[in-house]
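Visitor: The primary structure of each chain is shown beneath.
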Amino acid sequence: MSPSSFPQKPSLAVWKFASCDGCQLTLLDCEDELLTLAGEVELSYFLEAGRATPGGPYDLSLVEGSITTAADAARIREVRAASKRLVTIGACATAGGIQALRNFGDVEEFLAIVYAQPQFISTLADSTPIAAHVPVDFELRGCPITKTQLLEVISAFLHGRRPNVAPHSVCVECKTAGNVCVTVAHGTPCLGPVTQAGCGALCPSYNRGCYGCFGPMETPNLTSMVQSLRDRGIDDGGVIRMLRTFNAGAPAFREAGDALAAETNEARP
Amino acid sequence: MTHRSPASRTLKVEAIARVEGEGAMYVEIHDGQVLDVQLRIYEPPRFFEAFLRGRRFTEPPDITARICGICPVAYQMSACHAIEAACGVAVDGPLHELRRLLYFGEWIESHALHVYLLHAPDFLGYESAIDLAADHASIVERGLQLKKVGNEILELIGGRAIHPVNVRVGGFYRVPTRRELEPLRERLLTALDAALETVRWVSGFEFPDFTHELELVALRSPETYAVLGGRLTSTQGLDIAADEFDDHFVEEHVAHSTALHAHLLERGEYLVGPLARYALNAAQLAPEARDAAAAAGLSPDERNPFRSIVVRAVEIVHACAEALRVIDAYEQPNYPAVAVEPRAGVGCGWTEAPRGTLWHRYELAADGTIADARIVPPTSQNQPAIEHDLFHFVEANATLDDDALRHRCEQVIRNYDPCISCATHFLDMRVDRT
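As they're listed, the protein sequences go chains A and B.
Per our numbering, the first sequence starts with residue 1, numbered consecutively.
Per our numbering, the second sequence starts with residue 1, numbered consecutively.
Be aware that a few hints might be false.
Pairs of lysine to any residue, SDA-like flavour, derived with a Cα cap of 25 Å [stated by the list, open to error]: (1) B/Lys148 x A/Ser155; (2) A/Lys147 x B/Pro183; (3) B/Lys148 x A/Glu33; (4) B/Lys12 x A/Lys147.
Label-pair ranges, simulated between beta-carbon atoms [claimed, not checked]: (5) B/Ala283 x A/Arg230: 53 to 61 Å; (6) A/Asn164 x B/Ala137: 37 to 45 Å; (7) B/Asp246 x A/Pro163: 44 to 52 Å; (8) A/Gly39 x B/Asp193: 21 to 29 Å; (9) A/Asp231 x B/Arg174: 19 to 27 Å; (10) B/Gly32 x A/Gly56: 18 to 26 Å; (11) A/Glu40 x B/His96: 42 to 50 Å; (12) A/Ala81 x B/Ala134: 27 to 35 Å; (13) B/Thr190 x A/Val41: 50 to 58 Å; (14) A/Gly105 x B/Asn397: 22 to 30 Å.
Quick caveat, the hints were computed from the structure, so don't treat them as lab data.
Quick caveat: nothing in here was measured; it's all calculated off a predicted structure.
Where is the CB? At the ideal position from N, CA and C, for every residue including glycine.
Based on the provided sequences and hints, a complete structural model is requested.
Guide: Structure, rendered in structure tokens:
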């Protein structure tokens with residue numbers, strides 16, 4: 001299956017930056033669709049699945065991971081230049097990921113905690129999303145992304161249309177699933193009202209509150225959310241921790257967490 | 001990039017494919033003598049152990065899952081075991097069995113991924129499973145369906161295959177009913193057949209004649225082929241509890257890796273993973289897996305790392321057979337989790353991730369705040385062993401031309417199913433011949 005034998009097939013590339021590999025694994029987790037997909041597109045660069053030499057241009061690049069090193073900041077510009085369309089997949093690529101927790105601390109101190117020889121390590125102070133470095137054509141959210149949404153995005157871009165990915169909150173998915181509201185019924189703290197849909201309201205379906213792994217929805221009301229969490233007995237430290245997980249660097253979560261942290265500091269004697 | 005003169009050469013692989021994460025290889029040969037071999041891990045560090053400080057004791061299962069998208073359950077389970085140990089709680093009975101079932105889902109998914117999509121193409125001369133599928137669609141389909149059954153277990157019990165949401169310190173948020181588990185039975189019976197086919201298929205591959213005498217290390221428990229907890233044992237008599245890890249192992253930071261190298265004190269490199277588990281615990285495999293291993297010509301004395309693919313296939317058989325037993329014996333627990341109250345102290349825990357033993361250690365304050373966290377993943381333990389194998393393999397095969405040698409070296413690395421995302425705190429191959 002060389003590209004030359006199928007000159008009409010669009011080319012797909014998958015790139016990894018700082019991440020857990022889970023979002024690109026989502027592509028290999030499409031067990032029923034993978035071989036069909038491989039028939040429709042040329043998997044030109046997908047290191048986890050096979051050997052390939054970077055080159056391009058690629059019709060569609062999927063980018064996983066965040067930018068945490070100077071070398072990666074340069075590499076993403078090369079990837080962008082080699083890609084006609086670039087879609088970021090997952091919380092790392094769209095918001096900086098869990099590793100963006102370094103943005104709230106001192107990276108030198110983090111280095112010293114983990115590594116005996118910090119001088120061997122080259123890293124940036126912040127973990128930043130791909131869109132902070134290069135133009136991005138679409139951001140697919142989730143930690144990890146959802147398989148059906150990934151296939152929708154690939155299919156949409158290959159057909160030259162916008163992906164049909166709903167921007168509403170997890171609450172809508174709970175209503176669709178017929179879930180009883182975990183907050184109303186059980187007083188369980190839940191980030192569902194401010195969190196982007198896409199998981200299928202997984203956590204509430206398992207009797208737990210949403211922990212925000214798809215990041216903030218389009219127009220989240222964080223003021224009201226913070227109050228609701230306080231009403232369920234979560235202290236401000238707890239609310240800050242809830243906002244600072246896998247999408248800690250997403251603007252709406254970051255700003256609400258920072259505001260609360262500033263308030264908490266002022267309240268200290 | 002390859003430089004070649006009659007006597008000396010350099011081989012590099014800048015980005016090793018079909019491994020999880022990013023790494024490179026460097027080999028330096030002078031006058032046919034191997035001078036240096038490095039497995040370079042350049043995956044950027046993500047500092048999990050640093051930002052776990054100050055978090056609540058309930059958070060590591062969700063947070064550490066994000067270390068690895070391929071084996072998140074391993075992280076969740078080792079974290080739970082360590083934190084429960086710190087709080088003086090033991091989770092047993094049906095909740096423990098449900099954890100095993102979830103973990104078998106991950107073994108099946110991860111092993112099927114490695115056997116079919118990452119490792120088998122090496123033995124059959126294909127660049128990828130996609131290329132393999134062009135000639136042998138039904139084989140690749142079988143692998144994908146096997147992998148899918150693993151994911152179905154993860155999805156049913158965990159909520160989703162990658163970063164399951166249903167795991168918590170003390171147990172689960174929601175436990176399935178017997179009826180909910182029932183559809184898995186039929187799927188697992190099909191998977192068991194596919195797994196037995198897999199053992200027959202991979203045992204027929206041609207394996208390079210290569211063995212090593214590394215110390216093999218794996219968990220051992222009296223009742224079962226160890227997955228969740230137990231004592232750490234080895235082929236050289238090691239037998240320790242989780243809180244004795246630091247007395248026997250040391251982690252070292254080397255310049256060419258963002259993964260820390262682990263060594264056994266005074267003994268050096270060692271090996272964790274399927275080959276080690278099989279060497280130490282083969283007698284405890286499910287009868288179906290024991291029979292399949294015997295038919296495939298495996299014995300606990302197996303020391304050819306290339307044959308690890310056969311052991312992985314045998315472990316898929318075991319995971320399917322045991323998962324069926326767990327489902328058949330399952331009684332829905334009355335509560336989804338046992339209560340875990342924080343207390344000041346230190347707790348260590350370990351489990352057998354698909355790639356080998358994964359150790360966690362947490363130090364908690366009285367209010368449940370994490371004061372210190374340490375994680376030693378399987379790949380950082382295997383990295384020195386991989387370099388050891390590469391060194392001896394290149395030494396024995398230095399006459400191969402660069403392309404053949406590079407290809408074989410990549411195979412040596414993939415024998416270990418290295419998970420670079422995990423190990424970083426981890427590959428590019430270069431061979432310098434001068």
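Visitor: Each hint needs a verdict: does it hold in this structure or not?
Guide: A quick look at each hint next to the structure:
| no. | hint | in the structure |
| --- | --- | --- |
| 1 | B/Lys148 x A/Ser155 | holds, 22 Å |
| 2 | A/Lys147 x B/Pro183 | holds, 22 Å |
| 3 | B/Lys148 x A/Glu33 | holds, 12 Å |
| 4 | B/Lys12 x A/Lys147 | violated, 35 Å |
| 5 | B/Ala283 x A/Arg230: 53 to 61 Å | holds, 57 Å |
| 6 | A/Asn164 x B/Ala137: 37 to 45 Å | violated, 31 Å |
| 7 | B/Asp246 x A/Pro163: 44 to 52 Å | holds, 49 Å |
| 8 | A/Gly39 x B/Asp193: 21 to 29 Å | holds, 27 Å |
| 9 | A/Asp231 x B/Arg174: 19 to 27 Å | holds, 24 Å |
| 10 | B/Gly32 x A/Gly56: 18 to 26 Å | violated, 39 Å |
| 11 | A/Glu40 x B/His96: 42 to 50 Å | holds, 45 Å |
| 12 | A/Ala81 x B/Ala134: 27 to 35 Å | holds, 31 Å |
| 13 | B/Thr190 x A/Val41: 50 to 58 Å | violated, 29 Å |
| 14 | A/Gly105 x B/Asn397: 22 to 30 Å | violated, 47 Å |
Against the hints set out earlier in the document, violations occur for numbers 4, 6, 10, 13 and 14.
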